[in-house]
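First to last, the sequence lines map onto chains A and B.
One point on numbering: in the working numbering, the residue at position 278 of the first sequence is 263, and numbering is uninterrupted.
One point on numbering: in the working numbering, the residue at position 321 of the second sequence is 336, and numbering is uninterrupted.
Bear in mind the hints are in silico, worked out from the structure with no lab data behind them.
Some clues are possibly wrong.
[As the list claims (entries may be wrong)] Listed below are the simulated BS3-like cross-link pairs for lysine-lysine, each with C-alpha atoms no more than 30 angstroms apart in a straight line: (1) B:LYS186 <-> B:LYS362; (2) B:LYS71 <-> A:LYS137; (3) A:LYS277 <-> A:LYS299; (4) B:LYS133 <-> B:LYS320; (5) A:LYS76 <-> B:LYS343; (6) B:LYS186 <-> A:LYS76; (7) A:LYS135 <-> A:LYS104; (8) B:LYS71 <-> A:LYS135; (9) B:LYS362 <-> B:LYS71; (10) B:LYS362 <-> A:LYS277; (11) B:LYS343 <-> A:LYS137.
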Amino acid sequence: MRVFVTGAGGFLGRATVQKLLDDGHEVIAMVRSHAGSPAWPPSVEVVQADLRVPSQYEAALSEADAVVHVAAAVDGDEDQQFNSTVLATEKFLDALACSSVRRVVHISTIAIYDWHNTKGEMNEDSPLSENVYELGPYSIAKMWQERIVKEKAESHNWHLTILRPGFVWGSERPNLAGMGRTMGPIHLMFGPFTRLPLTYVENCAHCIAKALPREPMAPEVFNVFDSDSVRVWQYCRAYFRAQSRRQLLVPVPYYVGLLTAHLAGLTSRILFGPTGRLPSLLVARRYESQFKPIRYSTRKLREVLSWTPPVSFKSALAKAFDVKVGR
Amino acid sequence: MTTTNTEIVTVLIGAGAIAREHITALQSMPNVTLAAICDLSPTRARAISERYEIAKSYTDYLEMLDDIPADWAHITTPPSSHYGISAQCLEKGLNVLCEKPIVPSREEFSELREIAEKNQVFLLENQNLRFHSSVRKISRLIETGELGEIVDVQVHLAQNLEGSGSPYLDKHVPHFGLGLPGGVIGDFLPHMAYLATMFAGAPSSVRTIWKNVNADSPLPYHEFRAQIQCQTAPATVAFSCSAQPAGFWLRVFGTKLFVEANLFEPPRLQVRKHRTQPAPLPSLLNGLSEAVSVSASTLASVWRKLGGRSQYDGLAELIDACYRSQQKGQPQPVSLNDIAENINLVKAFTDPELMQ
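Construct the entire structure; sequences and hints are all you get.
Here it is as structure tokens:
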């Protein structure tokens, strides 16, 4: 299959290109800049382009059989992330609609779920956030991105698979929001025994490659987690050991943090009314979306996609941090 | 906000970053309905409409103007489209508040002015810093005579335009600012020009320095300085891409007081008085006074942020003044002559002969 990968120069994009090559696919790797792109083999067609400028990539897109849409901004304010993620996708979808491509794998995120109303276990049937604007720029942009991908796919009868990974991690991106917050020599772990929805970057790429050959008649969704067996304290310990940093790990019970956030929110509403603004850690809904102690189901991945992660957490730690950890 | 007792219907054209400031200001006002928003991107129009609970969204502003019987149009699109959209809105009898720079040339502004006068509607450029809380405090110090005679005005804006993730460096989709005279700096010049002249008086002559400090940069210029001879006092205007930390400094020197405001951090204002006590008391008293003032204004600034108030100060007050004046049949709060003179001064800053 000839696969067009957007965001191919990014953290997950690079791993995806490598996995697709390993599986024998031909890859058209779209990157915004050649700077920082890996030394791919000559068989990879590298297209330097911007999704907002279809004329730069339409020709390459017309030669593709399938698309893996990874590109998204991960930082910036609400307007910047919306422009980079959603407006770019809007242009890309218009170009895609003019091509012969009918197979699309879209990389979304679990950040768009309604964490407050998700009880016990998060799975593909968990409700999506009805007020994503409480959750911050990344969630807003990814929610709108998934929404327009789905709308376009339905109106053009594309075979769409939406993958919603948890925390994608690896050597280049070891620091996760779910770990807590570092303040000088102290690292606060909110809910040290909370399970992390981790997916090691190579595993996530493996899952993408596994989903690619499918041709679902209606849009299908899979959450992507390796497992939910790793707890916050385990990951924090491994992370700081690998960083060779002497950090005092301070556990904060989840509900103590949540109560603090609710009290801060109440104080803000009393003092400022609905316009009040607080740091994200003190916004209850955002706190929940990062630290809520729930389980993460991999049932659909196993039963429908027949996927299990090829790299164990221990091996991933060894690969990412170049140390033997996880004891 | 006072606004008026009559319901005012507004539409917004352009849903980018600055539009959010207009929406926030408009939604804080009683008796004002932001009825619709328009953007070329259907997704952005829908998203902003949903985000801010605006009843309707459009991708064609002419269709919107036909559908919505609006009193005002706020234009927050890139500058190259200001003339055409403003002309259409004015022709349809709408009052217009347009983002700066309203139009690049005196001729285009004269044409818009003619349409506005013919249709008896307001035409304004967003000059919100005239209504900035710190600027108003300085104006009061002048009006009450506390500042004395103005002897010097300095407007100094420091902002790194080439930092990580800067939209001005986007090679794929060049920022609209790059097409302005003076490049991206040109986008800031209207604010700097009226701040100088509102305190120093009408300009009579201008000397400028423009400098490119990075030949590899897409920005044509990184540094700008201007000395302006004005009716009341000389003024200096400066933009620096290199000076850090970022700040938008307005300094007014009087015969009795010196005041300094960082317009990026409202309501921060420092006042240094001319004192007659024997040395070293003046220095000590001014130092203590400044310490108290800086501490208080820093806390006020944090309080303001926690309260969710925008750092884009003065826009709500400008809109309020516009709406009230229009409803009461009073002159517009920033006159057409003031806007025209500001365009002239910006034009003088970017005179190609002086820039060389």
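Verification of the hints:
In summary, the hint linking LYS186 of chain B to LYS362 of chain B is supported, as the alpha carbons are separated by about 27 angstroms, within the 30 angstroms threshold. Of the pairs offered as hints, the one joining LYS71 of chain B and LYS137 of chain A holds, with about 22 angstroms between alpha carbons and a cut-off of 30 angstroms not exceeded. For the proposed pair LYS277 of chain A and LYS299 of chain A, the alpha carbon gap of about 24 angstroms is at most 30 angstroms, so the pair holds. For the hint pairing LYS133 of chain B with LYS320 of chain B, the CA-to-CA distance comes to about 43 angstroms; that exceeds 30 angstroms, so the pair is violated.
For the proposed pair LYS76 of chain A and LYS343 of chain B, the alpha carbon gap of about 45 angstroms is over 30 angstroms, so the pair is violated. Among the hinted pairs, LYS186 of chain B with LYS76 of chain A is consistent with the structure: their alpha-carbon atoms are about 17 angstroms apart, no more than 30 angstroms. In summary, the hint linking LYS135 of chain A to LYS104 of chain A is supported, as the alpha carbons are separated by about 26 angstroms, within the 30 angstroms threshold. A threshold of 30 angstroms between alpha carbons decides the hint, and for LYS71 of chain B with LYS135 of chain A the separation of about 23 angstroms falls inside it, so the pair holds.
At roughly 38 angstroms between alpha-carbon atoms, LYS362 of chain B and LYS71 of chain B are farther apart than 30 angstroms, so this suggested pair is violated. Proposed proximity of LYS362 of chain B and LYS277 of chain A is contradicted: the alpha carbons are some 57 angstroms apart, above 30 angstroms. For the hint linking LYS343 of chain B to LYS137 of chain A, the alpha-carbon distance of about 49 angstroms lies beyond 30 angstroms, and the restraint is violated.
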